[in-house]
Amino acid sequence: MNNPVKDDNNDASGDVVERSYCTNIEDFASVAAREMMGRYLGSFLDPLVITPSELVHSSKYLKRLSDSGRVLMNAVDKVGTLQAKAKNVSAATRVKELHTLVSTGVRKAWDEDKEKPVPSVTAATFLKQVEAVRASGAERDHQIGRLLTEVLFQQKTWRDKATTLVALLSQTKGTPLFTFMEPWLAETLRSDQALDQLLGFADRLEDRCTDLADLWRGALQVRETAAPVMSEINALIASGVAPNCRNSVEYGLLRTLAAKDPLRSAEPEIEIQAIFDMFRKLWNGGDICGGAKTVGNLERRQNRWITTEGVTDLLRERKVVADRLAYLMTLTTLAIGPTNRNTLKTFIDHYFGDQDFVPRTIGGPEPPVPKMQTLTTIYKALKGSWLPENEKYPAMAKVEQAQMELLKRARLFEQIEKKGGGAAQKVLTLVDLARKGTFIEGEPLAAVGPVLQTYLRDPTFLSEYVAGASGEDRAKKIALLSKTLGSFGISWNAA
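Residue numbering for the sequence shown follows my numbering, starting at 430 and increasing by one per position.
FYI, nobody ran anything at the bench for these hints, they're computed from the structure. Possibly wrong hints are sitting among the right ones.
In silico DSS-like cross-links for lysine-lysine, where the CA-CA straight-line distance does not exceed 27 Å [stated by the list, open to error]: (1) K689 <-> K748; (2) K865 <-> K912; (3) K905 <-> K865; (4) K602 <-> K489; (5) K748 <-> K809; (6) K557 <-> K525; (7) K507 <-> K710; (8) K492 <-> K537; (9) K827 <-> K837; (10) K812 <-> K912; (11) K847 <-> K906; (12) K847 <-> K865; (13) K809 <-> K865; (14) K821 <-> K848; (15) K525 <-> K537; (16) K865 <-> K812; (17) K516 <-> K545; (18) K774 <-> K821; (19) K809 <-> K710; (20) K837 <-> K848; (21) K557 <-> K545; (22) K557 <-> K489; (23) K543 <-> K516; (24) K492 <-> K507; (25) K809 <-> K821; (26) K848 <-> K906; (27) K514 <-> K545; (28) K748 <-> K848; (29) K585 <-> K516; (30) K543 <-> K492; (31) K847 <-> K821; (32) K507 <-> K545; (33) K827 <-> K848; (34) K514 <-> K489; (35) K812 <-> K774.
Based on the sequences and whatever the hints tell you, model everything.
Structure, rendered in structure tokens:
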């Protein structure tokens with residue numbers, strides 16, 4: 430709760446800023462108002478292990494908050510400014526109104542505790558004492574809130590508070606009291622300290638995000654280090670009766686993604702891949718936890734690494750131009766959002782705009798076959814990329830041209846011919862190269878066809894290939910080769 434998510438006034442679960450607009454003291458008890466308290470008073474609430482709901486119903490902690498210096502003032506200033514913007518009113522006026530309301534609320538709570546102290550209550554006696562509350566409407570909720578606060582004060586950890594609330598909820602399913610208490614449980618799921626206790630310490634930030642995303646879907650795989658109550662909380666979310674809990678989990682994920690710690694590693698290559706992997710985990714058939722804000726957080730995370738300087742350093746680690754291009758195209762498949770794609774686009778334009786693209790790309794002392802396979806990888810990546818078609822196809826043509834030139838310079842077919850072995854061995858060598866992506870579909874692969882046909886027509890080919898096999902085994906070998914050749918557009922029927 431310490432670090433509000435950037436642009437909180439555009440909350441994924443609704444316009445919480447506008448909904449939290451308080452005009453009287455009673456409004457502070459609303460779910461939206463308490464949610465804002467959780468976001469902007471986390472530095473006060475978390476060390477004390479209390480929820481916003483407990484704060485609202487406790488004169489002791491309200492007094493302590495008002496005496497805590499700038500914590501309360503800063504929170505009121507921030508929230509008042511956000512609310513003024515949402516309502517299109519004067520920020521100075523709204524902040525002043527909010528300060529007055531808060532001061533009045535603190536005094537009222539203090540006076541109430543003196544005049545009507547909360548009776549002694551425990552989790553075991555809570556429901557019975559709720560039945561004794563004679564008030565109705567908002568006043569009834571207020572008195573029940575005071576009782577529940579007294580119960581929760583007896584629990585000194587987030588794990589204990591959540592366990593107590595879940596036990597009470599299990600006894601009140603389908604009642605107004607369940608609806609009243611469910612947001613209180615949601616507030617125990619918001620802070621990092623609470624999540625550490627409930628979900629268990631995560632080895633990596635990636636693991637925490639995965640747990641939160643699974644919990645949001647009601648599909649959490651509870652770890653051994655997690656609190657047992659998480660199974661019940663997961664079931665509540667899965668059944669759809671705990672919307673506020675689900676919203677808290679969503680906010681927790683957004684806050685975690687906005688943190689500065691890496692998801693998986695401080696190494697750029699590993700972290701860029703990890704961020705993309707997280708995007709795929711969070712995506713669920715068009716539904717993503719946190720919506721556009723999650724995608725924005727992931728885009729910003731990648732942008733720490735996908736910068737002009739960062740990409741330049743990554744490419745310089747590859748000494749050969751073809752390898753640089755291959756990794757650049759790998760990055761295009763991992764890039765999230767327009768900012769990162771635009772950065773990579775400048776590098777793509779640079780490389781494919783080079784007048785000496787072909788000689789630079791195929792140059793170097795490396796063996797020709799691995800380099801041809803690298804070119805095929807680049808070609809396929811271009812074909813499936815987000816580049817506009819008027820740029821994609823010219824780039825693909827350049828890569829195909831480069832592979833054809835490399836094929837000629839390497840005299841690959843001549844080298845295969847010079848090697849030992851009969852026609853069958855040469856066919857299998859070419860087929861193996863084709864299956865490994867050595868030839869781009871198009872002119873390079875088409876050039877393989879006539880060479881293969883020459884060997885296939887060799888009188889010794891079939892006998893060498895079947896190697897004495899007969900009957901069903903012979904038929905299987907022939908059928909397999911025929912099918913493989915057919916996948917390359919080469920027809921062959923054994924005589």
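Non-conforming hints, listed in increasing numerical order: Violated hints: 1, 4, 6, 7, 14, 17, 23, 27, 28, 29, 31, 32, 33 and 34; rest satisfied.
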